[in-house]
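K.L.:
In the order they appear, the protein sequences are chains A and B. Sequential numbering from 1 applies to the first sequence in my numbering. Sequential numbering from 1 applies to the second sequence in my numbering.
Hints may be right or wrong, so weigh each one.
[What the hints assert, rightly or not] Dumping the calculated EDC-like pairs for lysine to aspartate or glutamate here, alpha-carbon to alpha-carbon at most 20 angstroms: (1) K5(A) x E63(A); (2) K221(B) x E24(A); (3) K28(A) x E215(B); (4) K51(A) x E34(B); (5) K210(B) x E24(A); (6) K29(A) x E246(B); (7) K218(B) x E251(B); (8) K4(B) x E63(A).
Think of the hints as simulated: they come from the structure by calculation, not from any bench.
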Amino acid sequence: MGKAKLKEHRINRDWCKGCGICVELCPKKVLELDAEEKAVAVRPEDCIACKLCEIRCPDLAIEIITEPDEK
Amino acid sequence: MPIKDYIRERFFPHMWCPGCGHGTVLNSLLRAVEQLGMSKNEIVVVSGIGCSARISGYVDFHTLHTLHGRALAFATGVKLSKPELNVIVPMGDGDALAIGGNHFIHAARRNIAMTAIVMNNKIYGMTGGQFSPLTGVGGMATTAPYASIDRSFDVVELAKAAGATYVARSTAFHAQECTQMIHDAILHDGFSVVEIMTQCPTHYGRKNKKGGPAEMIKEFKDITTPIGSKAKQENPGLIERGVFVEKDLPEYCAEYDKIIERAQGGA
Ligand SMILES: Cc1ncc(C[n+]2csc(CCOP(=O)(O)OP(=O)(O)O)c2C)c(N)n1
Ligand code: SF4
Ligand code: SF4
Ligand code: SF4
Ligand SMILES: [Mg+2]
Numbered sequence: 001m002g003k004a005k006l007k008e009h010r011i012n013r014d015w016c017k018g019c020g021i022c023v024e025l026c027p028k029k030v031l032e033l034d035a036e037e038k039a040v041a042v043r044p045e046d047c048i049a050c051k052l053c054e055i056r057c058p059d060l061a062i063e064i065i066t067e068p069d070e071k
Numbered sequence: 001m002p003i004k005d006y007i008r009e010r011f012f013p014h015m016w017c018p019g020c021g022h023g024t025v026l027n028s029l030l031r032a033v034e035q036l037g038m039s040k041n042e043i044v045v046v047s048g049i050g051c052s053a054r055i056s057g058y059v060d061f062h063t064l065h066t067l068h069g070r071a072l073a074f075a076t077g078v079k080l081s082k083p084e085l086n087v088i089v090p091m092g093d094g095d096a097l098a099i100g101g102n103h104f105i106h107a108a109r110r111n112i113a114m115t116a117i118v119m120n121n122k123i124y125g126m127t128g129g130q131f132s133p134l135t136g137v138g139g140m141a142t143t144a145p146y147a148s149i150d151r152s153f154d155v156v157e158l159a160k161a162a163g164a165t166y167v168a169r170s171t172a173f174h175a176q177e178c179t180q181m182i183h184d185a186i187l188h189d190g191f192s193v194v195e196i197m198t199q200c201p202t203h204y205g206r207k208n209k210k211g212g213p214a215e216m217i218k219e220f221k222d223i224t225t226p227i228g229s230k231a232k233q234e235n236p237g238l239i240e241r242g243v244f245v246e247k248d249l250p251e252y253c254a255e256y257d258k259i260i261e262r263a264q265g266g267a
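Please take these sequences and the hints and turn them into a complete structure.
P.N.:
The structure is reproduced here in structure tokens:
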């Protein structure tokens, strides 16, 4: 199985409640909360597409899109 | 099928507070169902009352939102009448083990095939932070302003003793592990209990000075350890995670079918 490469962080700003869990637990410190307390990928180039943010988000607000899409 | 196909998007964003661990349980449950590749029509989610119980409103399966503590009783009715369906019962710690404690032990004793997910935040979240049978000695709650003196149940030990044939524990921090356990519990032909420790930042967190959602979810990493680890021997206070019981015993609906056959003059 080849390593999936990041294409995009799809963050649903209407659903994100700014809890900070993804920010705090990202192993590469890719994410931050912006002025509106919504998660944003500020260092997407460091992302290893581990999807830990996606599977822990209590609000289903973050999705890691990779290529080639394994789905 | 992406997990969004399994939710009722019109009800999102959901009602849970920012950083509520119950949301991660929903996330894990959806991934487990996606991995199983089941159709929405094969699944029934039955819940009682509580923040945790609200999960049934968000999933696009057959759903029943019933009475506080009584979800397993309703679920038993559903399962006996339609044994071909996969019945999942997400419950709060109060729902499952305070008011619903009797239903819990007897469903386990009967070994009826369904998956009980105990979303254990150690508190009554929905009603304002009263202590539950899982708060434990020293825990603070609105109804225990000088700390609780009640000992806590151990969900795993209780489920084991009552006869559940699949028993596992994980936490919201260990979301991948949760998905695997829910997946296996749904496939298990008997009464399955998956305890998932979740954070309630709004009540338990505030009363017990646990910090915000991120601090609370990280604590689950520090206070738990895989079953039988070296860390557990060195620090017996750690809470074990993993699969504690997985065994085959006669399943209730199958046994009931045999009785029907006998009553109809087969024997
Ligand atoms: C018969 C009955 N008794 C009491 C209540 C009030 N009540 C609603 S939810 C709840 C407890 C919720 O705690 P828990 O089950 O742990 O769920 P959580 O909100 O923490 O997820 C109580 C006591 C009720 N709705 N019905
Ligand atoms: S975990 Fe989800 S809800 Fe929380 S800040 Fe990140 S994207 Fe937003
Ligand atoms: S996929 Fe992993 S590395 Fe990338 S933002 Fe999410 S947690 Fe961080
Ligand atoms: S009160 Fe607690 S359990 Fe209920 S939604 Fe808020 S954080 Fe979650
Ligand atoms: Mg609770």
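K.L.:
For each hint, tell me whether it holds in the structure or not.
P.N.:
Status of the hints after comparison with the structure:
1. At roughly 14 angstroms between alpha-carbon atoms, K5(A) and E63(A) fall within 20 angstroms of each other, so this suggested pair holds.
2. With a C-alpha separation of about 13 angstroms, the suggested pairing of K221(B) with E24(A) holds against the 20 angstroms cut-off.
3. Between the alpha carbons of K28(A) and E215(B) the distance comes to roughly 18 angstroms, so the proposed pair stays at or under 20 angstroms and holds.
4. The straight-line distance between the Cα atoms of K51(A) and E34(B) is roughly 16 angstroms, inside the 20 angstroms bound, and the hint therefore holds.
5. Annotation: proposed proximity of K210(B) to E24(A) holds, straight-line Cα distance about 15 angstroms (limit 20 angstroms).
6. For the suggested pair K29(A) and E246(B), the alpha carbons sit about 38 angstroms apart, so the restraint of at most 20 angstroms is broken.
7. In summary, the hint linking K218(B) to E251(B) is not supported, as the alpha carbons are separated by about 38 angstroms, beyond the 20 angstroms threshold.
8. With a C-alpha separation of about 11 angstroms, the suggested pair K4(B) and E63(A) falls inside the 20 angstroms cut-off, and the hint holds.
The structure fails to meet hints 6, 7 from the earlier list, while all remaining hints are met.
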